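S.K.: If you're matching them up, the sequences are chains Y and S in order. For reference, each letter of the first sequence is one residue, going 1 to 628 in our numbering. For reference, each letter of the second sequence is one residue, going 1 to 48 in our numbering.
Hints were generated in silico from the structure; no laboratory data involved. Fair warning: this is a prediction, and the values are worked out from it, not measured in the lab. Where hints are given, some of them may not hold.
[Claimed, not checked] Simulated coverage check for chain S against chain Y, where a stretch passes if three residues somewhere in it have a Cβ under 8 Å from a Cβ of chain Y: (1) 10 to 16; (2) 21 to 27; (3) 30 to 44.
Each residue gets a CB set at the ideal place from its N, CA and C atoms; glycine is no exception.
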Amino acid sequence: MVACFRLPALGRLPAILVALLLVALLGSVAGLGGGPDNGLITQAVAAEASTPPAAGTTAGTAPDAATPRAAPAPQPQRGDYPNIGVSSRAVVWLVAQMHLYFAAFILAVPLFVLVIEWIGVRSGDPRYDEMAHEFMRVSMTAYSLTALFGGTLALALFLLYPQFMAYMMRVFGAQTLVYAFLFFAETTVVYTYYYSWDALRYGNRKWLHLTLGLVLNIAGTTLLFIANSWVTFMMAPSGVSDTGVPSGNIWAAMHGPLWDPLNLHRFIANIAFGGAVVGAYAAYKFLSARSDAERAHYDWMGYTSNFIAILAFLPLPFAGYWLMAEIYAYSQQMGITAMGGILAWLFVVQAVLIGTILLAGNYYLWSGMSRSEGAGRYTWMIKYIAAVLVVCFLIWVTPHTLILSAGEIRQLGGAHHPLLAPLGIMPAKNIAVNLMLIATFLSFQLYRRADKVITVSWAPLGNALVVCIYLFAVVNVVFAGVYYGYYTNTVYKVGSSVMQVVSTLTVIISGVVIDSLMFRGARKLESHWGQVSNRSQYALFALPIAFTWLMALMGYVRSSVRTYWHVYTIMKDNSPDNFIPTIGYAGNMMTLATLLFLLLVLFVFWVASLGTTRQAPPDGSTAEEGAA
Amino acid sequence: MSGQGWLKNRLVVWLGVLLLTGLFFYGLDHFIMGIQGLPLHLDLTPAQ
Chain Y
1 MVACFRLPAL GRLPAILVAL LLVALLGSVA GLGGGPDNGL ITQAVAAEAS TPPAAGTTAG
61 TAPDAATPRA APAPQPQRGD YPNIGVSSRA VVWLVAQMHL YFAAFILAVP LFVLVIEWIG
121 VRSGDPRYDE MAHEFMRVSM TAYSLTALFG GTLALALFLL YPQFMAYMMR VFGAQTLVYA
181 FLFFAETTVV YTYYYSWDAL RYGNRKWLHL TLGLVLNIAG TTLLFIANSW VTFMMAPSGV
241 SDTGVPSGNI WAAMHGPLWD PLNLHRFIAN IAFGGAVVGA YAAYKFLSAR SDAERAHYDW
301 MGYTSNFIAI LAFLPLPFAG YWLMAEIYAY SQQMGITAMG GILAWLFVVQ AVLIGTILLA
361 GNYYLWSGMS RSEGAGRYTW MIKYIAAVLV VCFLIWVTPH TLILSAGEIR QLGGAHHPLL
421 APLGIMPAKN IAVNLMLIAT FLSFQLYRRA DKVITVSWAP LGNALVVCIY LFAVVNVVFA
481 GVYYGYYTNT VYKVGSSVMQ VVSTLTVIIS GVVIDSLMFR GARKLESHWG QVSNRSQYAL
541 FALPIAFTWL MALMGYVRSS VRTYWHVYTI MKDNSPDNFI PTIGYAGNMM TLATLLFLLL
601 VLFVFWVASL GTTRQAPPDG STAEEGAA
Chain S
1 MSGQGWLKNR LVVWLGVLLL TGLFFYGLDH FIMGIQGLPL HLDLTPAQ
């Protein structure tokens, strides 16, 4: 019946559908900024808040508060926190981390799936469509897990931190219902999008399918931004008075000083993370493939995943830099807690993890060049790129201040190493990070050129331009780091880091643009998909492991900078866990979360494979009998 | 040199591109520092 159903004149329908949904979404968001009464949930919370506090608590309203909404933030005491026998923070930490992992994954996959599907439509190559469909299949099981962890997180928070949650409900009011509505919308659309893939495959129906994908991504990204507003409110509250009285404008509470950078940072990071996880799926399928066709398919899928992960990862440090700069701008104390105190050592661990990601990503690209017959033109450069990566990696992981005994300080001649200490400060790190990103982009560019012979008449000009941009960008990054970083005052040191970032971005953006123009009419050399080494596939496994650990690490840093506050400077955390945990304890928690996620990801991969596995019928029976 | 004939002279191409790219990054440095209120002298030393 579905096949017989005709959809006449669908040309404008996708645009109309998108317009209607956007209007609905905007209407919902616009409703957030209302006055003192924002709907049922607010009334319910207000009624709850108006109840006199239980004996022994200090939570409640100010004596002169006219309405419950105008009450300051509650200040719960130690006895107000339920004790369930295990650390409440550990429970919430683990569950929140798992929810975040899966949410990041399921929000990211549809973003690049939509792009791949679109490329399939534009190119007319059905392989893109099939690959996009398979990416979605991997993420479908993860949807349920995201919802399960999300529900568990909400219950755990309401059980273990009831007064904090009541306050958050009071501040964000009806926005929480919008969030729930979007969750319903996303779930409905994602199942429709996935299960209608074959029913809406060609012609106008395909446009309807692409529209569903667009709506899915709008809903998912809005969900992400709303959830981000809660964590940035906890770090840098806005839209409330000094004592935490909500102004009634939810938009003001949402749009705090850290919201924009966190939105950008998480949006990009999710894409890199999602690409890395599906890359591991492709590697898993590649290594277990039994035919050349299967190996070729999953090799291509792994390549695409790595492409997505690395391309999204390249601008990520800059988004992180912006976030940290805004944290410093909001509260220097918070910034110093993150990068100058106990947590500073974690940035050395971060360097190790990011170095792992870059080395693994580069190694995969170099291995992948062996697929193409034209790669021999560029392989001589690999050793130099590797040398740059290794030297920069070593500079990045060099700590500034060592934890030393008195004897060690005597041996060293001071608290800092006489030669290596200059490499421990930010200017050296900035040079190292930017050069590693430029080197990674060079690997990426060489990989893309390996299977092509450029035929445009202005090829010498284009090549000269590309080489000169690399040359001056490297000179600029080193000059800005050394001269402004070590020989001028701090203001110039910070300001010049923007020069470095822009230089690196110039390389990336101009490289993509110039190559796109130069590839017009290029002669394609044969690529032998499936002939890549098995060893390269382990690089695809390394990427999601490092990404997962990195997310746990930086999430811990971001959350810990609040120190003993639920909501920074407004609502104190008086629970038994109101301190920054030791690095060793935090390391164990991060490792536990990473292992748990990887185990569940294996389950997701297995379920995705199970959907395409069919048992062979017993001997002597037909397939139909076997199925019956 | 007529039409795109100059494109065939590698030396001209490389010198031209080298000069233009150098000027671009030089201008970029001034622009980026300038918008942050940190102007530079012609030799790229900080202007007080």
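S.K.: Each hint needs a verdict: does it hold in this structure or not?
M.R.: Verification of the hints:
Using a Cβ-Cβ cut-off of 8 Å, 3 residues of the stretch 10 to 16 of chain S lie near chain Y, which meets the minimum of three, so the contact claim holds. Closer than 8 Å: that is the beta-carbon criterion, and the stretch 21 to 27 of chain S has 4 residues meeting it against chain Y, so the requirement of 3 holds. As drawn, the stretch 30 to 44 of chain S meets chain Y at 5 residues by the rule of a beta-carbon pair under 8 Å; at three or more, the given contact holds.
Checked against the numbered hints above, the structure breaks none of them.
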